Amino acid sequence: MNKWLELLRMNKLFIRILLYFLSLVALVIVIGVFSYTKFVTEAKREYNDKIAMNLASASNTVDSYLQTIHESSVSFFGDPAVARLLKPRELYTDEELADLYLLPQSVGRTRFGLNRFIDELFVYADDHSVFTASGINGFDAFFDKFYVYEGMRAADWQAKLREGGYFEVLKPMTVRDSFGQKRVVSVLAVNQSGRYPAAMVATIRVSELLRTMDVILEPGVTRVVVTDGGGGTILSSDPEFPGSESVGRLEARGGSEFGGSAVELNVGGAAYTVSAISSDLYNWKFYAFTPVDEFRRQASGMLNLIVGICLLLCVIGCLFSFIFSFKIYNPIRKLGEVLADKGSGLNWQEGKAAGVGDLERIGSGIHQLISYRHRYQDELQTLTREYLDHALYQLMNGSERRSDQNEELLRTMRERLSFQEPGYVCVVVSFEFLGGFYSDLQDVDRIVIQSKLKKVIAGLLKDFMKLYVVEARKNTYLCVVNLGEHEGTDSIDRGLDRLIQTFIQDWAYCRIHIGIGHWREGMTGITRSYREALAALQTIDGQHPFRIAHAGELKAEPGKHFTFADENRLLNLLKVGDKPGLTALAEEMLDVTEKRSASFGVRTLLLGEMYGTALRYAKERGIELGGILGEAEHAQLAGPCELPAELQRNRGLLVRFMHGIVDHVAEQHRPPGKSSELALLIRQYVEENYASDLYLESIAEQMNVSMKYASRVFKAKFEMNLTDYISQLRIEKAKALLAESGLSVGEIAERVGFFNRTTFLRTFKRIEGVSPNDYRKASGEDE
Amino acid sequence: MAKRKGFQLLAVSALLATLVSACSGGGSNGAAGESAGASSGAGNASTKPAAGGTAAAQQKVTVRWMRGENPSQAIKTDTPVLREIARQTGVTINLEPVPGSNYVDKKRALLATNNIPDIIGLESKEVAEFAGTGMFVPISDYLDRMPNLTKAIEENPEIKKLYVDGKLYSLPITEQFKIQGGKTLLIRTDILKELGLETPKTFDELYTVLAAMKKAYPDSYPWTARGMSFMDALSFGMGSGYGMTYDPDADNYFYGTNKPEFKEVLTYLNKLYSEKLLDPDFAVNTKQNWDEKLSTGKSFFYYDNNQFAVNYNATLQETDSNAKFDRIPYLRNAKGQTRGWLYPKGWLVDNYAISAKTKNPEALIGMFDWMYGPEGTTVTNYGVEGETYELVDGKPQIKADVLEKYKTAADPARVMMSEIGAGLLALAVRVDEGPTKQVTHPDLVRWGEELVADPGAVIVPGLAPGFTSEENESIKEITTKTSVLEQDVVKFIMGTKPLSQFDAWAGELTKAGADNLEKIYNEAYNRTK
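The listed protein sequences correspond, in order, to chains D and Z.
So the first sequence is residues 695 to 1477, counted in the working numbering.
So the second sequence is residues 120 to 648, counted in the working numbering.
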């Protein structure tokens, strides 16, 4: 029992769903009850109408019988032969006696008209003889032997002649004749107006009268009682039925007033519906008693049918309800189970106590799950991106990678970037921002532009090739293009052309130089192609605003001059901090290339690669580059060398740079800052310097992190974009100024660090929803 | 969810539809069910496998059969005979008896409206009157399939009188065995003995005897009658005739009423009437009243059907064991002739006709021929072998236990026949009065034998000759006139019209066409001779 209760509690939701469905089944029962009630009422009404109609017709028929007898008696007594011959026997003359045969003929003629419904017709005028259609009968013999009334002797009939009314209907009596025994109603017409009183008697069998009510009596349930004007019972279809008593009670209740409609009466313990009709002519009353049980019996068939249908529908309904509930409940239950599982990481069960519906809780649970998924997807994407970036950095720098790492990368690229082709082409896109960029654009916008550059490149090129864009250096982007061996580079050219076309109006702000590597196979191919691209980039004249260089134009095979082994040696030396070793390596490398009479460009490339390796090492160690070499020196190192002197200078710079790194590493001057600290630092910097151009690029540089990283750290800490934060901060300050000072909008814009009014107005409107002037008005009204 | 709801709605509307149809269909369904039940019931009845040998080619039919009901033998609608007919012939008969008093009206109404049932009991003159309308099946067309009827016609050539314009339209009631009856003289022999009177041999002696009886019992009217039914036999006995009469000696018909001999009959009766030897109500007595007078000692003599006397004796002997009506031989008339009045063979006046509208006349023809044959005759007169009769020396006899059952009944023979549904008054067309003979009073059987043996025994023709419709028209025209005049017969007897006017009256009858009537009769008779 407890187990069941437990089950019940557990499945509360199921039961609820089931009950929803079952409530529809209840409708079936309502309809069933309604139909049954309607049917019974209808049946009762119809039946009573029918009875009343038939009763009326029966009463009309009986009336017409009586009337016909009456009329026949009038014409019979008016017959001259009858007038002459129907008189006491002793008054007959011989002549009349001889004509006596005419009298039975007259009776016969009268009888002919009545034959349809009468049993016998006889006439008499004395106590000597009775005439029938077939002749004369002895008076006593007739009533004692031929047509014997039970309850009326010959003398009584004699008395009727003397005292009888003009027209009288006698109560039903049993009569015996040669045909047998029957109950008849005798209709007596006495001719008092003639010289001698004469009587004509027509008898109607009771069965004949009841036959007029066949329609009513046929089903065998309804009883008919007929009473005369005095309330005496003339007819009763069922001798057992206490008709006269019932009628008496009915009349006592004023029953005669009920006209056509039926009345209920209790007879002998059973309820009856009574219909009554009054005949106008002879004042007979016809009552039909129908047991109420009869309606119930008739309706019981209907009841069974309805109950049957309802039951069937209920069962089907319940079954379907159960199935539906089950089908709906199960998934919900599973959802609940999944949500309730501790592994889901949701505190789903806790919600139960709050009394919130299961469904709502499941809904919120799913909602949570979805937001989790989004979050994790974002994180995954970020991680993947970082992984790819990192891996590509490694490749760019030609660092030694294990084969499993390569496979992992390959797989990731296949899955994430759908890189299916075996080979790659590297394209290096380098942006150089000119002075106008810094002077004409708001600091915030600059950050936005610079941070979006990668996406812009990817977006513009993705229609032409499968590619992945990595920020190789500041403002320099590596596009790794996945290409089949025999696919031409036309699509790359077209894509780059489009890129350049996009920026062609911006020649005042930036220069774009693009280097394209050869198609190379495999992971290591990326490294090679990248170097080729870099080399190609070196060949471009810095003064040209937009220029594309193909690696094909280089004759050398740069990859051979700075191998992974070389790179490893370099890195090892850096790690060890072997300054002379590093100097020696740089010498050696350049010497080797020189001996091979490699081109000048190749040697520059070699230097660049060595620089890159060192740079990467420094970055990995979080070493602040500015502390080692000036910006110009870095630029020189990264830039191309055109003269042998420059090469030598760059070699010196490189050696110095590497030595500086070694020194830094030795110092280990500061532990790696926590990201939140960094974020706080950034905010502090912003809050202190918002009024002027923030040179956010420089913040990042000052803190030895990339702008991107800084932004991310900031967002993770404060849950908003750094640029948004800056803008909001400025607008807050502006609002304060708007409300408190009388400064013009332009002045305020300048104070809070906006280059121009337009940018201020736009930003203000975006954040506050109103223009600065409106804001000032509104705040003024507040006060 | 919405879909599920939709399904529920569908279910609910389906329920509604079911209910509505059930409501509206309730009444009619019930009725249909009943009628189906009824018809299948009927089907069962008619397809019940027949055990009889003739069953093989039977066609199952159900027919309505209407006939008049004689008060002395009630007609039952579920009898052994009906069941046996259905079993042996495949014809299920729904018998519709109509009380005799109403039957004339009833059948006239049906005939006039051409609305007769499959089989209807008619008198020969009605058949002749309506045969021309084509409402009856012409039986003679089927005679080649009715060997038994053909044989019956050969046995009793008088049946040919039933032909109307050359065709037989009705099935006559013929006889196989009949207790001979007749209009004869029945007298209280105990009173003759009591008064020391001789059995009268002439009409004058009869008058003497009646006068002596009146003298001894002054309150009585020694001779009573039930209307004019005795007149034909009496007139014929006295050497005259009442209306159209067949003269066996001349082998022709004559109209007796306007002949001088008839005056003697009237004179004789007038004498009896005026001396109060004849019941003054003789012309208007009902049969019951007449019975009453004879069975209560108010009258001692009648000249009518001898069968009634058996019942009178029974009643009389309840109070006086000596009292007895007995038959006396036919009297010798003034011409020296003795002329009795024996009932004809068969009951050719009574016929059955088959409606032309019946669905399967062949089946009915087959059934009737079977009824004319030995098997059918036995069944329609004795009932079912083993149940109501057994074969004794190869002849059927009602079983003793059946006879025992009705022994105490008022009229044992008739009640028994009524219960079995057998005999003339049920639906036999070839009557064998064997069962009646077994039950009935021995006197009746004896009288029958005496009647046949009587020297004056004359079997009167059962039928008038077969007339053409033109002849029928003429006859109707003439009798309309003569019947008015014939009513004066009572007046002559009662003396309110003096006998001196007889010749003038007879002249009037002649003028009304009596001679013509004779001519028509004899011409018709000669055609069928």
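If you're looking for bench data, these hints aren't it; they were derived computationally from the structure.
Check each hint, because a few of them may be wrong.
Unchecked claim - Partial pick of chain Z residues on the chain D-facing surface, computed with a CB cut under 7 Å:
1. Pro190
2. Asn221
3. Val223
4. Asp224
5. Glu277
6. Thr386
7. Lys395
8. Ala402
9. Asn404
10. Thr405
11. Asn408
12. Glu437
13. Val609
14. Leu618
What the hints assert, rightly or not - Pairs of lysine to aspartate or glutamate, EDC-like flavour, derived with a Cα cap of 16 Å:
15. Lys333/Z - Asp351/Z
16. Lys406/Z - Glu1215/D
17. Lys616/Z - Glu789/D
18. Lys390/Z - Asp788/D
19. Lys395/Z - Asp788/D
20. Lys1427/D - Glu1413/D
21. Lys417/Z - Asp788/D
22. Lys616/Z - Glu790/D
23. Lys464/Z - Glu313/Z
24. Lys297/Z - Asp634/Z
Keep in mind that this is a model prediction, so the values were computed, not measured.
No residue lacks a Cβ here, since even glycine has one placed at the ideal position from N, Cα and C.
Results of checking the hints against the structure:
Checking Pro190/Z against chain D by beta carbon gives a least distance of about 5 Å; that is within 7 Å, so the hint holds. Given hint, Asn221/Z at the interface with chain D, holds; its Cβ is 5 Å from that chain's nearest Cβ, closer than 7 Å. The restraint placing Val223/Z at the interface with chain D is violated, with a minimum CB-CB distance near 9 Å, outside the 7 Å limit. For Asp224/Z, the interface hint holds, the least distance from its beta-carbon to any beta-carbon of chain D being 5 Å, beneath 7 Å.
The closest approach between the C-beta of Glu277/Z and any C-beta of chain D is roughly 29 Å, which is over the 7 Å cut-off, so the hint fails. Evaluation of the Thr386/Z hint against chain D yields a violated restraint, the C-beta minimum of about 16 Å exceeding 7 Å. Evaluation of the Lys395/Z hint against chain D yields a violated restraint, the C-beta minimum of about 12 Å exceeding 7 Å. For Ala402/Z, the suggested interface contact is upheld, since its CB lies about 5 Å from the closest CB of chain D, less than 7 Å.
Nearest Cβ of chain D to the Cβ of Asn404/Z: about 5 Å, under the 7 Å cut. The hint holds. For Thr405/Z, the interface hint holds, the least distance from its beta-carbon to any beta-carbon of chain D being 4 Å, beneath 7 Å. Below 7 Å, beta-carbon pairs count as interface contacts, and Asn408/Z has one with chain D at about 4 Å; its hint therefore holds. With a least beta-carbon distance of about 14 Å to chain D, the hint placing Glu437/Z at the interface is violated under the 7 Å criterion.
Because the closest C-beta pair between Val609/Z and chain D is about 5 Å apart, less than 7 Å, the hint holds. Using the Cβ-Cβ criterion of 7 Å, the hint placing Leu618/Z at the interface with chain D is not satisfied: the shortest such distance is roughly 14 Å. A hinted pair counts as satisfied when its Cα atoms are at most 16 Å apart, and Lys333/Z with Asp351/Z does not qualify at roughly 25 Å. Simply put, Lys406/Z and Glu1215/D have alpha-carbon atoms about 145 Å apart, too far for the 16 Å limit, and the pair is violated.
Proximity of Lys616/Z to Glu789/D is assessed by CA-CA distance (about 9 Å); at most 16 Å being required, the pair is judged to hold. Proposed proximity of Lys390/Z and Asp788/D is supported: the alpha carbons are some 15 Å apart, at most 16 Å. A threshold of 16 Å between alpha carbons decides the hint, and for Lys395/Z with Asp788/D the separation of about 13 Å falls inside it, so the pair holds. Of the pairs offered as hints, the one joining Lys1427/D and Glu1413/D is violated, with about 21 Å between alpha carbons and a cut-off of 16 Å exceeded.
With a CA separation close to 22 Å, the supplied pair Lys417/Z and Asp788/D exceeds the 16 Å bound. Under the criterion of a C-alpha separation no larger than 16 Å, the hint pairing Lys616/Z with Glu790/D is consistent with the structure, at around 12 Å. As the CA atoms of Lys464/Z and Glu313/Z are separated by approximately 38 Å, the hinted pair breaks the 16 Å bound. With a C-alpha separation of about 36 Å, the suggested pair Lys297/Z and Asp634/Z falls outside the 16 Å cut-off, and the hint is violated.
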